[in-house]
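Respectively, the protein sequence lines represent chains A and P. Start counting the first sequence at 1; every next residue gets the next number (this note's numbering). Start counting the second sequence at 222; every next residue gets the next number (this note's numbering).
Please note that a few of the clues may not be correct.
Listing some non-contacts, in silico: residues in chain P with all C-beta distances to chain A over 10 Å [as the list claims (entries may be wrong)]:
#: 1; residue: 245
#: 2; residue: 265
#: 3; residue: 433
#: 4; residue: 442
So these bits of chain A aren't anywhere near chain P, every CB distance computed over 10 Å [as the list claims (entries may be wrong)]:
#: 5; residue: 40
#: 6; residue: 44
#: 7; residue: 48
#: 8; residue: 60
#: 9; residue: 67
#: 10; residue: 95
#: 11; residue: 105
#: 12; residue: 112
#: 13; residue: 131
#: 14; residue: 137
#: 15; residue: 163
#: 16; residue: 170
#: 17; residue: 174
#: 18; residue: 177
#: 19; residue: 179
#: 20; residue: 182
Covered by chain A, per the in silico footprint, the following chain P stretches (three or more residues, Cβ under 8 Å) [claimed, not checked]:
#: 21; stretch: 282 to 290
#: 22; stretch: 332 to 342
#: 23; stretch: 350 to 356
#: 24; stretch: 360 to 368
#: 25; stretch: 378 to 389
By construction, these hints were calculated from the structure, which means they are not laboratory data. A quick note: this is a predicted structure, and the numbers were derived from the prediction, not measured. Don't be surprised by glycine CBs; every beta carbon is placed ideally from N, CA and C.
Protein chains: 2
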Amino acid sequence: MNKAIVLLSGGLDSATTLYFAKAKGFKCYCLIFDYGQRHNREIASAKKIAKKTGCSWQVIKIKLPWKGSALLDKKISLPPVDTNRLSGKIPFTYVPGRNIIFLSFALSFAESVGAKSIFIGAHAQDYSGYPDCRPEFYQAFSKVISTGTKAGVEKKPIKIETPLIHKSKAQIIKLGLRLGVPFKLTWSCYHGGAKPCQKCDSCYFRNKGFKELGKIDPLLN
Amino acid sequence: MNKAIVLLSGGLDSATTLYFAKAKGFKCYCLIFDYGQRHNREIASAKKIAKKTGCSWQVIKIKLPWKGSALLDKKISLPPVDTNRLSGKIPFTYVPGRNIIFLSFALSFAESVGAKSIFIGAHAQDYSGYPDCRPEFYQAFSKVISTGTKAGVEKKPIKIETPLIHKSKAQIIKLGLRLGVPFKLTWSCYHGGAKPCQKCDSCYFRNKGFKELGKIDPLLN
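Let's have the full structure, built from the sequences with the hints guiding it.
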């Protein structure tokens, strides 16, 4: 049984990715990051999802002593709709180097346990804004693996798998429903309150996805 | 004054790199990692060196819950001379993904403070063994920066600088002596005891470097 590391945030994209990897027959090791995100409620969601699947999981605690992102710094207000994203700029919630850090840890973990793949739930709507969600970034990171690791040098490079990369939110939800993803356990809202705020960028895209499918988000039930 | 992030381990290579970056006119921000290394004495050395230069510094604490390297796991014995390295294989002290993780943090820091460069003290003797010390790895990581960061997308990519990459240990020491590096404050021994063990791989190459120059290592005085 091939092993895979799955980056699990607790959102619906990464949950669907985990279920996808399991359905493909991988033995999955979930990696969850506690990096000072304002919506740290997602960490509890990630743990619940990992437990539900019976996969092993690890929480990596990272302290980034520098700020500069609305996702880390509560002093920066979160615009209801990210005007940066709408105008084709990089969203306010961009965290410098975030996915690069996550993938680096996943890579270290993968080499240590002999995993052949790393799954990450980046998707089309993400990569419209976030540079570290784009196919060309994952291609570049693959080259880092083939040149900069023991696995790569020994010609057994670890593959970055992005099964959602060309999917819209609605398509991801559709796939998740087919795979039995417990969307009730996922968390997307950037505010991380008791209930989804229904105003932030992340709520907006989640709601839009469910609506396009004519479905109701179980978190809103 | 251009800013630079300098990866500072406390060894003589990174100390020389810091002095080199300063001599080139950069305002340097030192990044020190506490990653569970067995020779954590080097962290104290790194702090002393940073303070000596008057540069700001940050210690990033990382817990890698997976093992598999003699540098992290004291249960794995350190061979006096690394037979893996001598036979052209990857040394026992290879830590999966280590420099990739370090560079990822440096990159995040660089984007946050608007630094133009990241300095790392990788050199010729290192890259004979460690994949993450080789020029092709740094080239690949540069592509990660240009594709996967805000700085890269906005065509202001952050440069990875490896001024020692083609130098031998003796050449690095020679450069360090010219730049006034306080070698007395540096630490290289993997065992991290009160005095250098003079037996491990790291002591071996350090001693060899000083001997080739007809100099005495101030740590052995």
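Outcome of the hint check:
no., hint, result
1, 245, "23 Å, holds"
2, 265, "19 Å, holds"
3, 433, "29 Å, holds"
4, 442, "36 Å, holds"
5, 40, "18 Å, holds"
6, 44, "19 Å, holds"
7, 48, "20 Å, holds"
8, 60, "7 Å, violated"
9, 67, "7 Å, violated"
10, 95, "8 Å, violated"
11, 105, "6 Å, violated"
12, 112, "4 Å, violated"
13, 131, "5 Å, violated"
14, 137, "4 Å, violated"
15, 163, "19 Å, holds"
16, 170, "26 Å, holds"
17, 174, "28 Å, holds"
18, 177, "31 Å, holds"
19, 179, "28 Å, holds"
20, 182, "26 Å, holds"
21, 282 to 290, "holds (count 8)"
22, 332 to 342, "holds (count 3)"
23, 350 to 356, "holds (count 3)"
24, 360 to 368, "holds (count 7)"
25, 378 to 389, "violated (count 0)"
Of the numbered hints stated above, those contradicted by the structure are hints 8, 9, 10, 11, 12, 13, 14, 25, listed in ascending order.
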